[in-house]
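So the protein lines, in turn, are chains Y and E. Here the numbering used here is used: the first residue of the first sequence is 13, the next is one more, and so on. Here the numbering used here is used: the first residue of the second sequence is 136, the next is one more, and so on.
Everything labelled a hint here was simulated from the structure, so no lab data went into it. All C-beta atoms in this analysis are idealised placements derived from N, C-alpha and C, irrespective of residue type, glycine included. Hints may contain errors.
As the list claims (entries may be wrong) - Facing chain E, from chain Y, some residues (calculated, C-beta under 10 Å):
no. : residue
1   : E111
2   : L149
3   : D152
4   : S175
5   : R181
6   : R187
7   : Q189
8   : R283
Stated by the list, open to error - FRET-style restraints, in silico, Cβ to Cβ:
no. : chain 1 : residue 1 : chain 2 : residue 2 : range
9   : Y       : T133      : E       : E224      : 38 to 44 Å
10  : Y       : R294      : E       : Y216      : 24 to 30 Å
11  : E       : S156      : Y       : A316      : 36 to 42 Å
12  : E       : S215      : Y       : R294      : 17 to 23 Å
13  : E       : A180      : Y       : H82       : 42 to 48 Å
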Amino acid sequence: MGSGGRGTAWQTRPMTVDHRLTTRQMASFVTNGFIRFDAIVPADLNERAIDEMRRLEAERFAPDGLKPPHTGTPLDECYPAPSAIGEYLRLPQIRGIVESFVGPDPTFDHDWTHHVQPHATYVQPLHVDAITDSDDLTFDVQLFWYPHDVAPGEGGTRFVPGSHLRRVRSSGLDRYQHIAGEQQFAGPAGTVVVFHHGLWHAGQPNPGDRDRWMHKVRLNPTVPQVRHWNTDDLPDLQNPPSDHIFARILPDSVAQIFRTMHPWMSITDYRNEQVQRARLWRYLTGDTTYDVDHYLTRLEGRAALVDT
Amino acid sequence: MSATSAQQRQQILHLWANGSSLDSGVVAWAFHDGTDGCGPAVPDASPPYTTGVDALRDGWMLLQSSQLIPPLPTHEHLNSYLEYEFVFERRFTIDSPLQEVHP
Numbered sequence: 013m014g015s016g017g018r019g020t021a022w023q024t025r026p027m028t029v030d031h032r033l034t035t036r037q038m039a040s041f042v043t044n045g046f047i048r049f050d051a052i053v054p055a056d057l058n059e060r061a062i063d064e065m066r067r068l069e070a071e072r073f074a075p076d077g078l079k080p081p082h083t084g085t086p087l088d089e090c091y092p093a094p095s096a097i098g099e100y101l102r103l104p105q106i107r108g109i110v111e112s113f114v115g116p117d118p119t120f121d122h123d124w125t126h127h128v129q130p131h132a133t134y135v136q137p138l139h140v141d142a143i144t145d146s147d148d149l150t151f152d153v154q155l156f157w158y159p160h161d162v163a164p165g166e167g168g169t170r171f172v173p174g175s176h177l178r179r180v181r182s183s184g185l186d187r188y189q190h191i192a193g194e195q196q197f198a199g200p201a202g203t204v205v206v207f208h209h210g211l212w213h214a215g216q217p218n219p220g221d222r223d224r225w226m227h228k229v230r231l232n233p234t235v236p237q238v239r240h241w242n243t244d245d246l247p248d249l250q251n252p253p254s255d256h257i258f259a260r261i262l263p264d265s266v267a268q269i270f271r272t273m274h275p276w277m278s279i280t281d282y283r284n285e286q287v288q289r290a291r292l293w294r295y296l297t298g299d300t301t302y303d304v305d306h307y308l309t310r311l312e313g314r315a316a317l318v319d320t
Numbered sequence: 136m137s138a139t140s141a142q143q144r145q146q147i148l149h150l151w152a153n154g155s156s157l158d159s160g161v162v163a164w165a166f167h168d169g170t171d172g173c174g175p176a177v178p179d180a181s182p183p184y185t186t187g188v189d190a191l192r193d194g195w196m197l198l199q200s201s202q203l204i205p206p207l208p209t210h211e212h213l214n215s216y217l218e219y220e221f222v223f224e225r226r227f228t229i230d231s232p233l234q235e236v237h238p
């Protein structure tokens, strides 16, 4: 854009930072079922939050004291000031992330303070939260906020990348003690990891000498989850449906991200996951022809021959 | 001095593979020890065996493997639980305190 003597809007418009995610980040979330933001919450807020988490744990079910919001409360109205948890939920960076997934006006589902005492040995079995989903493509997000450092081996949340689009019953996952490629959270204070609600996960023992705290909040969308992220880079990354690993591909595209194969997957799992990722991407982008490696397009083309 | 008796105890190993064959690669595992630690353990940090056949070579006995179940119509592209499960056992004889028998 030229400068010159015309009105220079860039000089007078208030500077705002767009904290919404990029297409690449969204495609990564669709592939892996999570995305993490290291040390995104400021240190002083983390410190104040631990005190508030302690109060919430103690007073949640007490006759008086600090209570969580009612389920269905608009996010903007949750934990009004003064509240460290509310301050966190209203950080522009957090709101940009949340908006990207569930739109600008999500509602509060529930939250929980996960507090593990030093040297606690309980191994929570792998599970998914709530109940087995219906087969629509909508999803909730769960924000896992770690207000203090978690060192490797200190027992942060265990989770299985790429497990979020599977249809399982929660208790059926109990038997999987170890899965190749699973991760255990470790990271600096103020890190937030956003989960698709279907991601397999579990709390872990705390072998350390200090209390471990984590705040988890689940948020529901109130509008279709279509193109709420910063889509400036979408035209460059959105591959055509002809993008096919056995024919021709774009070297840098959403499809390339969707071709991530996790180490615990069989080849059939992997191809089915590509189908599920493409279906979810159709919902998120509104592009009903989107495909990766021709799986949906092939079937739809043949089905159309029968229908006509 | 307490009385003891020899008793057979079972260890169970679940292996999940990335294919339906016993020599497919192991992608998940679980271990349950009925010997209360008297028998050997298996490592936590990495798959104890690369394939099910490797487990056989190490003395594990195959108890059960998954049936191959075709997908239901409309469920052809849905993934669910880990599909190819192999269950192994090995047995150890240990001394255990005699239980008091009540009439």
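Quick rundown of the hints versus the structure:
| no. | hint | verdict |
| --- | --- | --- |
| 1 | E111 | 29 Å, violated |
| 2 | L149 | 13 Å, violated |
| 3 | D152 | 20 Å, violated |
| 4 | S175 | 9 Å, holds |
| 5 | R181 | 9 Å, holds |
| 6 | R187 | 6 Å, holds |
| 7 | Q189 | 4 Å, holds |
| 8 | R283 | 8 Å, holds |
| 9 | Y:T133 / E:E224: 38 to 44 Å | 26 Å, violated |
| 10 | Y:R294 / E:Y216: 24 to 30 Å | 26 Å, holds |
| 11 | E:S156 / Y:A316: 36 to 42 Å | 37 Å, holds |
| 12 | E:S215 / Y:R294: 17 to 23 Å | 22 Å, holds |
| 13 | E:A180 / Y:H82: 42 to 48 Å | 44 Å, holds |
In summary, the structure is inconsistent with hints 1, 2, 3 and 9 from the numbered list given earlier, while agreeing with the others.
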